[in-house]
Amino acid sequence: MTLFWTLGALLVASAVFVISQRKPVYSVVGLLVHFAVLAIFYLTLNAEFLAVIQIVIYSGAILILFVFVIALLSSGVAPFSVGPNRMPKAAVPAAALALIALGLVVYGIVRTPLVTAGAHAATSIPGPAGTANVFGSVADFGKALFTTHLLPFEMTAFILMVAVIGVVALAGEETPFVPSLRRARIVEREMREAILRGGER
Amino acid sequence: MNEAALPVAIVNYIALSAVILFIGAAGVMLRRNPLIMLMSIELMWNAANLLFLAFARAWLNNAGHIFAFIVITVAAAEAAIGLAIVVVVFRSARTVDVDEVASLKG
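Keeping their order, the protein sequence lines are chains A and B.
Take 178 as the starting number for the first sequence in our numbering and just add one per residue.
Take 79 as the starting number for the second sequence in our numbering and just add one per residue.
Bound-form chain A, shown alone:
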């Protein structure tokens, strides 16, 4: 109970930190805290494997990717007041509107009767952490992943392959797939000059 509210407050505070920082690097640090707290949250929900995955994939892979791109772009070059890091002008009214909308959503959720335990068949029962074959243990997760849900698991391999090919095609060196604005202007000018010359190239 106390743990839920402590972790929940940390989650919300770090999320607000992420979107309220001028420099993206500070946002990454906030996101790191957010993901770490979320991993602890997953542990309280008996999701041991997902907690580890959260740290490894999110904090280890995705955040490092963000840090590399920030270092690559150095997007802090433009002055903060006019550059992409500028803060929104109408932040206060926007935040007020968002809070009202959020209040309505939460009110609706709280007022809606929810079907909870017993509606669906339990796949396994919870037990002390660290033991095999209890709900949420690595063995339990692995068995579900490789038997009942094998097809979605294999589709993740396809998704990742598409992502890798997409990233290489987009950001690879001297790629023919992405026409740069400069190259497009050169081609446009050459075509216009060719037309002015009377069609002879």
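FYI, nobody ran anything at the bench for these hints, they're computed from the structure.
Everything numeric in this text was worked out from a predicted model, so none of it was measured.
Do not take every clue at face value.
[As the list claims (entries may be wrong)] Using C-beta positions, here's what the derived DEER-type ranges look like:
(1) B/Ala180 to A/Pro329: 34 to 42 Å
(2) A/Pro329 to B/Val89: 24 to 32 Å
(3) B/Ala126 to A/Leu281: 17 to 25 Å
(4) A/Gly343 to B/Ala126: 21 to 29 Å
(5) A/Phe330 to B/Met107: 28 to 36 Å
(6) A/Pro270 to B/Ala180: 23 to 31 Å
(7) B/Lys183 to A/Ile302: 50 to 58 Å
(8) B/Lys183 to A/Ala334: 22 to 30 Å
(9) A/Ile302 to B/Ala171: 31 to 39 Å
(10) B/Val89 to A/Ile217: 14 to 22 Å
(11) B/Val106 to A/Arg374: 45 to 53 Å
[Unchecked claim] Dumping the calculated SDA-like pairs for lysine to any residue here, alpha-carbon to alpha-carbon at most 25 Å:
(12) A/Lys200 to B/Ile119
(13) A/Lys266 to B/Val176
(14) A/Lys200 to A/Ser236
(15) A/Lys200 to A/Ala272
(16) A/Lys200 to A/Ala190
(17) A/Lys266 to B/Thr173
(18) A/Lys200 to B/Leu108
(19) B/Lys183 to A/Ser236
(20) A/Lys266 to B/Val97
We treat Cβ as the ideally placed atom computed from N, Cα and C, and that holds for glycine.
Chain B: place on chain A using the hints.
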């Protein structure tokens, strides 16, 4: 103590998830730095994941765990492609401000 019971009622998890989702949505709509917008999208993915795991625990059905796993995979792919697009846009337009990048507007 009943082993099947959640630490707190499920509605608290839904409310917390909604709060984080709204913070992420506010980040996407208010900020003009594509990197912070992508991070806000990650916040929203994670809000959904939290709810998947909370309901999986409430119903003791680990299909929610599998779905959260798929969501993490898709989020990783999305982050990689999104950042690649940011790099390409920066190379081409020399800015990453999403208000400046408007050549598709016509």
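Hint check results:
1. B/Ala180 to A/Pro329: 34 to 42 Å: With a Cβ separation near 38 Å, B/Ala180 and A/Pro329 satisfy 34 to 42 Å, so the hint holds.
2. A/Pro329 to B/Val89: 24 to 32 Å: Given about 28 Å between the Cβ atoms, the range holds.
3. B/Ala126 to A/Leu281: 17 to 25 Å: holds, 19 Å
4. A/Gly343 to B/Ala126: 21 to 29 Å: Distance hint for A/Gly343, B/Ala126 holds at roughly 23 Å.
5. A/Phe330 to B/Met107: 28 to 36 Å: Once the Cβ atoms are compared, 34 Å apart, the range 28 to 36 Å for B/Met107 and A/Phe330 holds.
6. A/Pro270 to B/Ala180: 23 to 31 Å: Once the Cβ atoms are compared, 24 Å apart, the range 23 to 31 Å for B/Ala180 and A/Pro270 holds.
7. B/Lys183 to A/Ile302: 50 to 58 Å: holds, 56 Å
8. B/Lys183 to A/Ala334: 22 to 30 Å: The hinted range 22 to 30 Å is violated for B/Lys183 and A/Ala334, with Cβ atoms some 37 Å apart.
9. A/Ile302 to B/Ala171: 31 to 39 Å: violated, 56 Å
10. B/Val89 to A/Ile217: 14 to 22 Å: holds, 21 Å
11. B/Val106 to A/Arg374: 45 to 53 Å: holds, 49 Å
12. A/Lys200 to B/Ile119: The given pair, whose Cα atoms are some 17 Å apart, holds under the 25 Å limit.
13. A/Lys266 to B/Val176: Distance of about 15 Å is within 25 Å: holds.
14. A/Lys200 to A/Ser236: Roughly 19 Å between the alpha carbons, so the hint for A/Lys200 and A/Ser236 holds.
15. A/Lys200 to A/Ala272: Since the Cα atoms of A/Lys200 and A/Ala272 sit roughly 20 Å apart, the hinted pair holds (cutoff 25 Å).
16. A/Lys200 to A/Ala190: Distance of about 17 Å is within 25 Å: holds.
17. A/Lys266 to B/Thr173: holds, 20 Å
18. A/Lys200 to B/Leu108: Within the cut-off at roughly 15 Å; holds.
19. B/Lys183 to A/Ser236: Distance ~35 Å between B/Lys183 and A/Ser236 Cα, so the pair is violated.
20. A/Lys266 to B/Val97: It holds: about 23 Å lies between the C-alpha atoms, which stays within 25 Å.
Violation of the numbered hints given earlier is confined to hints 8, 9, 19; the remaining hints are satisfied by the structure.
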